[in-house]
Amino acid sequence: MKKFTPRKSDRTPRIAIITAAAVLVLLTVVTSVFNVVHYAWGRFADGFFYPYLLAVQPSDRLSDTTLLMQDKSSLAIRLEKLANINRSLALQSQAAAGLMEENRQLRNLLKLTGYRGFKFITAEILLRDPLRFREGFTIGKGSRDGVVPGAAVVEVNSAGSLLLVGVVSEVGARSSKVVTVVNNSLRISGRVSSNKEIGFTNSGEKSSSGERIVFGMLPVRGDYIHGNMVSTTGFEFGIPEGIKIGELYTNGNFNFYDQEDYFCELIPAVRFESLRFVGIALPETPEAIR
Amino acid sequence: MKLFMTLTVTGILIWLELFAGNLGLPLGLPLYAALYFAVANGMVYGMVSAGSAGLLLDLLYAREYLAGALTGTAVVALCAAYACRSSRKMPYAPLTCGMLCGLLICLVNWLWIFFSGGVYYGPNPLCMLIFQIVGGGIFMLLFTLTADAVNFRSDLPRFCLRDNRSGGVGDGR
Numbered sequence: 001m002k003k004f005t006p007r008k009s010d011r012t013p014r015i016a017i018i019t020a021a022a023v024l025v026l027l028t029v030v031t032s033v034f035n036v037v038h039y040a041w042g043r044f045a046d047g048f049f050y051p052y053l054l055a056v057q058p059s060d061r062l063s064d065t066t067l068l069m070q071d072k073s074s075l076a077i078r079l080e081k082l083a084n085i086n087r088s089l090a091l092q093s094q095a096a097a098g099l100m101e102e103n104r105q106l107r108n109l110l111k112l113t114g115y116r117g118f119k120f121i122t123a124e125i126l127l128r129d130p131l132r133f134r135e136g137f138t139i140g141k142g143s144r145d146g147v148v149p150g151a152a153v154v155e156v157n158s159a160g161s162l163l164l165v166g167v168v169s170e171v172g173a174r175s176s177k178v179v180t181v182v183n184n185s186l187r188i189s190g191r192v193s194s195n196k197e198i199g200f201t202n203s204g205e206k207s208s209s210g211e212r213i214v215f216g217m218l219p220v221r222g223d224y225i226h227g228n229m230v231s232t233t234g235f236e237f238g239i240p241e242g243i244k245i246g247e248l249y250t251n252g253n254f255n256f257y258d259q260e261d262y263f264c265e266l267i268p269a270v271r272f273e274s275l276r277f278v279g280i281a282l283p284e285t286p287e288a289i290r
Numbered sequence: 001m002k003l004f005m006t007l008t009v010t011g012i013l014i015w016l017e018l019f020a021g022n023l024g025l026p027l028g029l030p031l032y033a034a035l036y037f038a039v040a041n042g043m044v045y046g047m048v049s050a051g052s053a054g055l056l057l058d059l060l061y062a063r064e065y066l067a068g069a070l071t072g073t074a075v076v077a078l079c080a081a082y083a084c085r086s087s088r089k090m091p092y093a094p095l096t097c098g099m100l101c102g103l104l105i106c107l108v109n110w111l112w113i114f115f116s117g118g119v120y121y122g123p124n125p126l127c128m129l130i131f132q133i134v135g136g137g138i139f140m141l142l143f144t145l146t147a148d149a150v151n152f153r154s155d156l157p158r159f160c161l162r163d164n165r166s167g168g169v170g171d172g173r
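Taken in sequence, the protein lines are chains A and B.
Counting along the first sequence from 1, when you hit position 284 you're at 284 in the numbering used here, and nothing is skipped either side.
Counting along the second sequence from 1, when you hit position 103 you're at 103 in the numbering used here, and nothing is skipped either side.
Since the hints were made in silico from the structure, they are not lab data.
Where is the CB? At the ideal position from N, CA and C, for every residue including glycine.
Misleading hints may appear alongside valid ones.
DEER-style ranges, computed between Cβ atoms [as the list claims (entries may be wrong)]:
| no. | chain 1 | residue 1 | chain 2 | residue 2 | range |
| --- | --- | --- | --- | --- | --- |
| 1 | A | 174 | B | 126 | 34 to 44 Å |
| 2 | B | 107 | A | 37 | 14 to 24 Å |
| 3 | A | 24 | B | 81 | 27 to 37 Å |
| 4 | A | 140 | B | 90 | 18 to 28 Å |
| 5 | A | 146 | B | 95 | 47 to 57 Å |
| 6 | B | 95 | A | 172 | 39 to 49 Å |
Below, simulated SDA-like cross-link-like pairs (lysine to any residue); rule was C-alpha separation at most 20 Å, straight line [said to hold, decoys possible]:
| no. | chain 1 | residue 1 | chain 2 | residue 2 |
| --- | --- | --- | --- | --- |
| 7 | A | 177 | B | 116 |
| 8 | A | 177 | B | 60 |
| 9 | A | 177 | B | 65 |
| 10 | A | 177 | B | 152 |
| 11 | A | 177 | B | 142 |
| 12 | A | 177 | A | 106 |
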């Protein structure tokens, strides 16, 4: 019996299909690996370059060592120069103190509370659960540094204004756990900048999606405009007034009128992915603790 | 010696897992080591490794339930059972076991996020799944090559068998 052997021309399409499939699988794998590695590298580089950028800043130690190589006369000249600089700095400091006092008096007249009664300390983020990356993290400051449960955790943006990251939920001696504003368990009050109405985050039946926070229990009005700023009210213990939480998001289909309350969403002001250091507002006077 | 090796390697991989976690990648690295120890040394060593790693990570991340410890031991038990029933030859065995382990870790992570009411923030989910499967296979292969070489010199049981026996748990000598 004659054995059947496929001709070369019959085998060619099969080889082409197998090659194409193999190339497709390889491309999928390479793309997937690149996607994940690119994602991880972005986060690694974010934190990795920080100490190097800090190290290239000029420091006093460098100038102090050059002084050892100079003779008496040049040292005396430098001393004179430094004394002059000190005098001008003292004058500037005095002027700044005057401005500060004036600012305090004006704030008292306008009854502006600002962040009075709070002092701020900084803390580094030690640990983040990858399964709940934006919903909470652990910071390297605890009760020994004066951190208390309920203290506001903030970030400063490039314009110098404070942004609310979350609230300290549990405190240990040297570390604390922070719950962020996108966590469904955190409910805080916020004031809409345009009409001064007050609502609550993570209120209502729907849970926050992560990209946006549910913001509701607002009085029913028609002037909740997309992009309006929402900031803290200062009603909660440990959270100063006027810290930006986010901006109103009213373009989606989620806006609906309940019988009494209006619900919408907030776009958080903080970019949680790039957070590395945070500030903690510590209540230092009884008036801060309501 | 077996217990010392198990705990030391698990400890190192927990540290690496914390590092990867800070980058937002839940890789489940200690579970690959636990799988290796479950097959090479015996199921008890694998369970101790997976359980302790899961428990420690749950405590460090302050998770509400001890999901890591429970799911970790379940994943390792499943993968070890598969490894013991299939051929344990190089490079087929560690590659397939690693791929299965990676797939299960990824699925368990998604289930955990879904049931805890959280939101997934990592890279593209499909990319993450493929990365876990491919990366799991490669990592398990490299880990087995290294650990088998160390165990050969230390006269300890190994993951891969030298002959064609389809031996059970802990008989990789």
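Hint by hint, here is what the structure shows:
no.	hint	result
1	174(A) to 126(B): 34 to 44 Å	holds, 40 Å
2	107(B) to 37(A): 14 to 24 Å	holds, 21 Å
3	24(A) to 81(B): 27 to 37 Å	holds, 33 Å
4	140(A) to 90(B): 18 to 28 Å	violated, 44 Å
5	146(A) to 95(B): 47 to 57 Å	holds, 53 Å
6	95(B) to 172(A): 39 to 49 Å	holds, 43 Å
7	177(A) to 116(B)	holds, 18 Å
8	177(A) to 60(B)	holds, 11 Å
9	177(A) to 65(B)	holds, 16 Å
10	177(A) to 152(B)	violated, 45 Å
11	177(A) to 142(B)	violated, 36 Å
12	177(A) to 106(A)	violated, 38 Å
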